[in-house]
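**Student:** Each chain, letter by letter, is given below.
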Amino acid sequence: MSSLLEVSDLGTWFYTRQGIVKAVDGVDFEVAAGETLAIVGESGCGKSMTALSLMRLIPDPPGRIVSGSIRLAGRDLLKISEEEMRDVRGNEISMIFQEPMTSLNPVMTIGKQISESLILHRDMDRKQAMKRAIEMLDLVRIPEPAQRAKEYPHQLSGGMRQRAMIAMALACNPKVLIADEPTTALDVTIQAQILELIVELQREFSAAVILITHDLGVVAETAHRVIVMYAGRKVEEASVGELFARPLHPYTTGLMNSIPRLDLMRGQTDRSAERLQEIPGIVPPLFDLPTGCAFAPRCSKADDKCRAERPAYEEKQPGHWAACWHTNG
Amino acid sequence: MVSANPPVLEVRDLKKHFPVKKGLLRRTVGQVYAVDGVTFTVNAGETLGLVGESGCGKTTAGRAAMRLVEPTSGSIKVEGQEIIGLSKAELRPYRREMQIIFQDPFSSLNPRMTAGDIVGEPLLVHGVANKKEREEQVSALFARVGLRPAQMKNYPHQFSGGQRQRIGIARALALGPKLIVGDEPVSALDVSIQAQVINLLMDLQRERGLSYLFISHNLAVVEHISHQIAVMYLGRIVEYADTRSIFTNAQHPYTEALLSAVPVPDPAIKRKKLVLQGDVPSPVKPPPGCHFHTRCPYAVARCKVEVPSLREIAPGHQVSCHLR
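Protein sequence lines correspond, in order, to chains A and B. Per the UniProt record's numbering, the first sequence runs over residues 1 to 329. Per the UniProt record's numbering, the second sequence runs over residues 1 to 324.
So here's chain B without its partners, still in its complex pose:
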């Protein structure tokens, strides 16, 4: 899908390194290369899925793209406007355009605020509406995400996990953003509830032309919701393509292994699995060359020394592997 509008979010060569401090003087002794140069684009009205395992940097990439953590370097354009270098005040109007939904609906809602106040808070902070308008808007948001407006005066502990995630979604929608970053928004939910929340997110996208940056480790969920997918490994994107290409024509050995590791809920299907050996290396001392070579079944000598670049091997299909 090609849209006429400028991309909602364009991230170029984004890096986020965290210093590792040690000793009495807290001297910096190393860097955690959490996000080590990622480039991606979220088109208007579309979903980009960011997948990878724990520690691959997908969450940090999502937060750095919103400047919730300050990136080490790189460029972030929101609807064509560079937001790196903007002051807090200058950034404010862009904050309204980008909202986030968190994984854990238990720790991301203030237990001392009513659900109505939680959802209305962004409106208050950005001074959008007076009290009465606010209540009306919050009530409409409640109804839209499938909660009863009467529940506005309840506190978070009175809601189930799925309902709390709906509160989180309503809060994210309050300012009418263009982009919502979902950081594992359905991972903590039971499958029957997960389906409800995924359907809600997709309905909202169609209705409001929302764009999502959908961060998840669950490939099946990402496949279902995304138009484009970026696969991350140790701080870098290893493969980037439209959803169909990723799932029918995966080119990177890591993507291949990820796909083959997902258990299929059908005992009639017998597949040969590509089971990776070993663990993800530490991002403090990532291996030289291709980060994946320590676990890659096809690695050759070149992979151990030379960093592969992300190259386009077919229109819109990028892979970072020497062997492709």
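Bound conformation, chain A alone:
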């Protein structure tokens, strides 16, 4: 697969009163058409800021993209004008957000909101755009799409709103779809519906999907490749099968062991004796990162070298990258 989107050395910094926050600190990755890349990590690891950087939606000030390139089909999005970028957003790259209620316009009907991008990017007239909007609503399996197109966001349930967001994001047939925690605000039965929908639509549209999530279950079931981020940097990257079978970075292992798992514990009688493995401590403040490995203060394997020197991000096994001094190939 050739890459559709190539990100290299992306740096997004925020200039705050406490100091410079390197929210995204030298991140590279590639995504091919038809591929789903998951970026996982906990709050503050930089996963959402990476997504917003791709859309050039970083609030400036205080934030700024300070380095790197974002090449979409060869064109560097960091080099084009804001006007040209406006033509890329919602057209070549679109994004769906965690909370559809706050990202939809509450005083505009669903149909109109979907039409907007079609009128803007596809030179359709209102009638054509509305017709296409209704087709999109049908595609994301909203019942009675013509009726729903006339309704406002508050008249839809959470799951329906997320479907409408997906319809809007896909209306212009984008090359890249960024989904930032698309199911986090939804109930599990609705989450299952939405994930199924995203996977199906991706096949149909053969878009590249970047899935931002904290949920390893969602990653395992939807992604092809995974990047694990911690404190603004990549700590590990591999295919989904490889990552779950042989996690290399202690942070990844820690994440996997800290979640209670239904599939493993099913049928065990005495669970009350079991403890979950915790990762001690908390994520360090990004304006005051330790020298050396950022994870060292919470890591059981950390030694003097980890505390003194930042580990290089290396290919430890074919296609499996990690930044850790203690993974020996």
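Just so you know, nobody snuck in bad clues.
Selected chain B positions facing chain A (Cβ under 10 Å, derived; list incomplete):
1) I193
2) Q194
3) M202
4) H217
5) L259
6) A261
7) P265
8) L274
Hints are computed from structural coordinates only; laboratory data are not their basis. Quick reminder that beta carbons are idealized off the backbone N, C-alpha and C, glycines included.
Fit chain B to the supplied structure of chain A, relying on the hints for placement.
**Tutor:** Using the frame of chain A, we list chain B on its own:
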């Protein structure tokens, strides 16, 4: 597990309906059947997990069981004593036995009080100790939940999410309650922090013989922490059994769908999913018959008219479904 002591909490046919008011005269035009007749028991030293999706009434059930919202009808026994009908003053000693931890550690702590005062407040309100004793007790509680006693003079905004939840736990422990109602206590936390808080809760249970009513939408967490589990859907309990039976031998189609919807963090496992269609109906106009029939893949004609009762199909395993 059968314990010799009377159950810490016994709730029978608890109902909580909220009126829907409309128009100039605020006439009542309908009812939200938030909790529509639930019966459950929390045994001493055990955890009952109450699971379900948003709007199923699990939070209201938890609050009504503590009389934090006044139930419409039903019976609530705390260690065998009926607390429905008690006046506020009569209820006070029972309040000490039941404490609650909330989901959002940001909005449930007073931002203008120091962490030490927050944890010490229940002691002050119930007049348990003088100032010096209070400080000692609060300091011991801080140490127990994994905070430094030096942090007592800090304000909530100076703590991380996980630490704030620890403050909430310390506050709940202050009066030495028998029962703690946890309303999604770990849902707002990152997974690595979530594990810390779950471990803390389970350690405290072992040490102090606490009972928990653990309300959550996260099945994996509920499975890990609970001895018994009640699954709720639209204000009613649809399945009630010990944890093992729920997870190895789920009988209600809704429980089955819930379990199959949870994503498994292992790409090597390929399962056939039972994906439910549609949304949860409104609790203002719940569907007739079995509330679940509109989404149930197995529904037959009878399900649409007749309300199934919660029946015992195996010792300790109750299901409310016509097809079982």
